[in-house]
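Read top to bottom, the protein sequences are chains X and E. Numbering (full-length UniProt numbering) for the first sequence: 1 to 473. Numbering (full-length UniProt numbering) for the second sequence: 1 to 473.
Don't read these hints as lab results, they were simulated from the structure.
With the C-beta cut set under 10 Å, the calculated list includes, among others, these residues of chain E facing chain X:
#1 R153
#2 V164
#3 T269
#4 L273
#5 T277
#6 R286
#7 D369
#8 Y457
Don't be surprised by glycine CBs; every beta carbon is placed ideally from N, CA and C.
Next come the chains, spelled out residue by residue.
Number of protein chains: 2
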Amino acid sequence: MNTMAPFATSVAGRDDLASTVAFDVWWAGRQKANRFEVERIPFAALDDWRFDPESGNLGHTSGRFFTIEGLHVAADGAQGAATWHQPIIHQPEIGILGILAQRFDGELHFLMQAKMEPGNINTLQLSPTIQATRSNYTRVHRGGTTRYLEFFRGPGRGRVLVDVLQSEQGSWFWHKHNRNIVVEATGDVPEHEDFHWVSLHQLRRLLRTDNLVNMDARTVLSCMPLAPSGGPGEGAVRAADDPFTAALLRSYGTCPRNGTDPGPPLHTTTELLSWFTEMKTRSEWRTRLVPLSGVGTWTRTDDEITSTDGSGTFRIIGARVKAANREVTSWTQPLLAPLEQGRAAFLARAVDGVLHLLVKAQPEPGLLDTVELAPTVQLPAAGAGGRPVPFRTEVTGADPDRVRFDTVLSEEGGRFHHAQTRYQIIEAPQDFPLDVPEGFCWMTVRQLMELLRHGHYLNVEARSLLACLHSLW
Amino acid sequence: MNTMAPFATSVAGRDDLASTVAFDVWWAGRQKANRFEVERIPFAALDDWRFDPESGNLGHTSGRFFTIEGLHVAADGAQGAATWHQPIIHQPEIGILGILAQRFDGELHFLMQAKMEPGNINTLQLSPTIQATRSNYTRVHRGGTTRYLEFFRGPGRGRVLVDVLQSEQGSWFWHKHNRNIVVEATGDVPEHEDFHWVSLHQLRRLLRTDNLVNMDARTVLSCMPLAPSGGPGEGAVRAADDPFTAALLRSYGTCPRNGTDPGPPLHTTTELLSWFTEMKTRSEWRTRLVPLSGVGTWTRTDDEITSTDGSGTFRIIGARVKAANREVTSWTQPLLAPLEQGRAAFLARAVDGVLHLLVKAQPEPGLLDTVELAPTVQLPAAGAGGRPVPFRTEVTGADPDRVRFDTVLSEEGGRFHHAQTRYQIIEAPQDFPLDVPEGFCWMTVRQLMELLRHGHYLNVEARSLLACLHSLW
Chain X
1 MNTMAPFATS
11 VAGRDDLAST
21 VAFDVWWAGR
31 QKANRFEVER
41 IPFAALDDWR
51 FDPESGNLGH
61 TSGRFFTIEG
71 LHVAADGAQG
81 AATWHQPIIH
91 QPEIGILGIL
101 AQRFDGELHF
111 LMQAKMEPGN
121 INTLQLSPTI
131 QATRSNYTRV
141 HRGGTTRYLE
151 FFRGPGRGRV
161 LVDVLQSEQG
171 SWFWHKHNRN
181 IVVEATGDVP
191 EHEDFHWVSL
201 HQLRRLLRTD
211 NLVNMDARTV
221 LSCMPLAPSG
231 GPGEGAVRAA
241 DDPFTAALLR
251 SYGTCPRNGT
261 DPGPPLHTTT
271 ELLSWFTEMK
281 TRSEWRTRLV
291 PLSGVGTWTR
301 TDDEITSTDG
311 SGTFRIIGAR
321 VKAANREVTS
331 WTQPLLAPLE
341 QGRAAFLARA
351 VDGVLHLLVK
361 AQPEPGLLDT
371 VELAPTVQLP
381 AAGAGGRPVP
391 FRTEVTGADP
401 DRVRFDTVLS
411 EEGGRFHHAQ
421 TRYQIIEAPQ
431 DFPLDVPEGF
441 CWMTVRQLME
451 LLRHGHYLNV
461 EARSLLACLH
471 SLW
Chain E
1 MNTMAPFATS
11 VAGRDDLAST
21 VAFDVWWAGR
31 QKANRFEVER
41 IPFAALDDWR
51 FDPESGNLGH
61 TSGRFFTIEG
71 LHVAADGAQG
81 AATWHQPIIH
91 QPEIGILGIL
101 AQRFDGELHF
111 LMQAKMEPGN
121 INTLQLSPTI
131 QATRSNYTRV
141 HRGGTTRYLE
151 FFRGPGRGRV
161 LVDVLQSEQG
171 SWFWHKHNRN
181 IVVEATGDVP
191 EHEDFHWVSL
201 HQLRRLLRTD
211 NLVNMDARTV
221 LSCMPLAPSG
231 GPGEGAVRAA
241 DDPFTAALLR
251 SYGTCPRNGT
261 DPGPPLHTTT
271 ELLSWFTEMK
281 TRSEWRTRLV
291 PLSGVGTWTR
301 TDDEITSTDG
311 SGTFRIIGAR
321 VKAANREVTS
331 WTQPLLAPLE
341 QGRAAFLARA
351 VDGVLHLLVK
361 AQPEPGLLDT
371 VELAPTVQLP
381 AAGAGGRPVP
391 FRTEVTGADP
401 DRVRFDTVLS
411 EEGGRFHHAQ
421 TRYQIIEAPQ
431 DFPLDVPEGF
441 CWMTVRQLME
451 LLRHGHYLNV
461 EARSLLACLH
471 SLW
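Okay, chain X solo, but in the shape it has when bound (with noise of 0.2 Å):
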């Protein structure tokens, strides 16, 4: 496997069972270091968080961090029509997700983090080096300084590697982005003790333990150019045990930019962009935020807000916590808590020995520009309504043998309550057809990366998904 692995240049064996033990030793120690509890209150135990008397919105007295305000959404497009009332988490601020990089015998590795976020079904995940909103960098909530913060900001940084604005839950946040930014360090970097390095090829292992790899992380691992080259060479692609790993190689490759060239995408990326621009043009959503209390569909008792009609698919709930850790050491919000565990998957195919994913285009309430490309099936699915969800079955009825990658991984613990998604990656047969419905589109690997390099293109939950297609070489 190592030699697949880019940048690294260390042989596999003996450093990686080291390099395994060491990351096993320090996860245990921080996980008996860090004492914390959850509980949940009642939204009158809140400490400086209140219902807003005439929009019912519930915010801090700050004025800072995020609000529960309402949403009205009326959904005109291809799928059909639909009208919806909702609660959203608007956060009008773009923090910082850093991941530092450092290279070690020619190796590069990331500094990671033991983080605890109240949300955590398992409170500890392994994070970015930095995962700061802006009123945690700027102090609003008195805490201590945000580590690192340094090497990201100002003029001592390193090498950026990658640095864009991306979009996360387009049906839980209203509008937000984030800075998905990854610095090569060029001098001397301390390694706190909630902090570890951890190599790319290690990494990408991790991210096939349940719960263990945080979304932030994986949003910003997805965004990392694989190799210098680009991808990995004609020798990968050789060794390869099976068919579906070569093609997947191959499917880093298919640009010209890196030379090898074993098959052209199905469709150029004028067309993909064509496609994308006409399913925009499309789907006539319209979405405005709207007084939380004038949201009629949906309640509020005395530690819930939730939905009357049943078809609200999360509820908004209080919560407290004590942690030794965090920036400060006990705080109480509020948290969105999904009813469900949702799922997100790619179908995938090789045509002429290229592996291409499935993408969706699939509008969002909350996403700036609406819609952004997605996994072939992302549950629950945004104004579907009571209406199939394309490839549902081809997803959750898939022969087992054929399902390459199949992992829960959490969402957001800081703003979501026990937010799981089972991420997974299907080999459909090869008779699959290559016609799709129009708001279906395939894609190689290398033409989603480039896509990846701007905003406004992959949601979170595919960004997650391409992260989890690196750990498969």
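Add chain E to chain X, keeping to what the hints say.
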């Protein structure tokens, strides 16, 4: 010149003259044939347009077309903080700006339209083949069908060369973006009398005529890839008359993609994207639509909405149009009338023999993602208040010998009344500093063209200037 025109295979001279005469005859004929008059009217005389009694917003009784609403802006960024209210045009539908292309004798030609718009200072301007809001082509206003629409939509359309959503004036429109599309027709195209085939070569020359090529045509043209190879060849560079033109031609080819690499760009694409991300992150502008009646610093009389404190740069008026060749023969509508002529200028200088343009990251309140790339100087400057505008004197006081392009062109006459902008490309002195303030960045033409494949990057004034720049070779 002709050897430098991409796609061109014919020889300059007699053919050029013949096509110029043919264009002039057609244009004069259209001016004679199209009788119309535009008169200013009080708001009470607008048919089917009403001020909403509650919000004070001005809208059409059908609920479609567009509304004039209020906007609140809290601008907090590198340039300082400011807060203001203003009216803004809200048109929540994606229109099509489409140019139909076809090859004659190997040379690409565009089917351009002689089109009247109520706000045009000279009534007819050279426009895209189709220029239609969704209301137009779904026939909300019960007019005729949109000519040539079938070449852009549906199964019979030709080969798509360009298809991208691009923004429009961020100080005047709320979240407006239109589909910029160029389609190469494969079959026969009837030439209606208001339409004329114009070669790319000819079209570039016409861009140097004041108020002839309209805004919509300019933005579509700017997105057009210039040649299959991506730029002019080495031969064209060697044949250039002067160092400025040679540097300009090289600026199209500094990306590895076309194989000629005379000198690297000053910044890599990764660096440009990171700078732009940083600029977006720093610019914390909060904008929200508010009722027009709540905009206290503006007042409404019988026939205009105007700013009371002198801060406004435009007013809202009413107009009645009578015309023979529009979809409907008479109508009334509001228009936004700027108080002064605008200005948009790029400062340009060669770096290692390659022309670089000085691009500004400019927040504008109506842009969907707030910040886009703008000309070096754009007046009036959104959010500048009384502060000095960087590089203003370098533009207004430029040595005439260094002004390489200088033409007054009109903005969208369907919404703006007599809105003119002086577009300039100015060669900066060779000792002009490469080290520029943080809101500015030097980019090659090729780098800008790559970004133009995607939305949310270049604002409409920068796109217009890029189209003008193409006319310089």
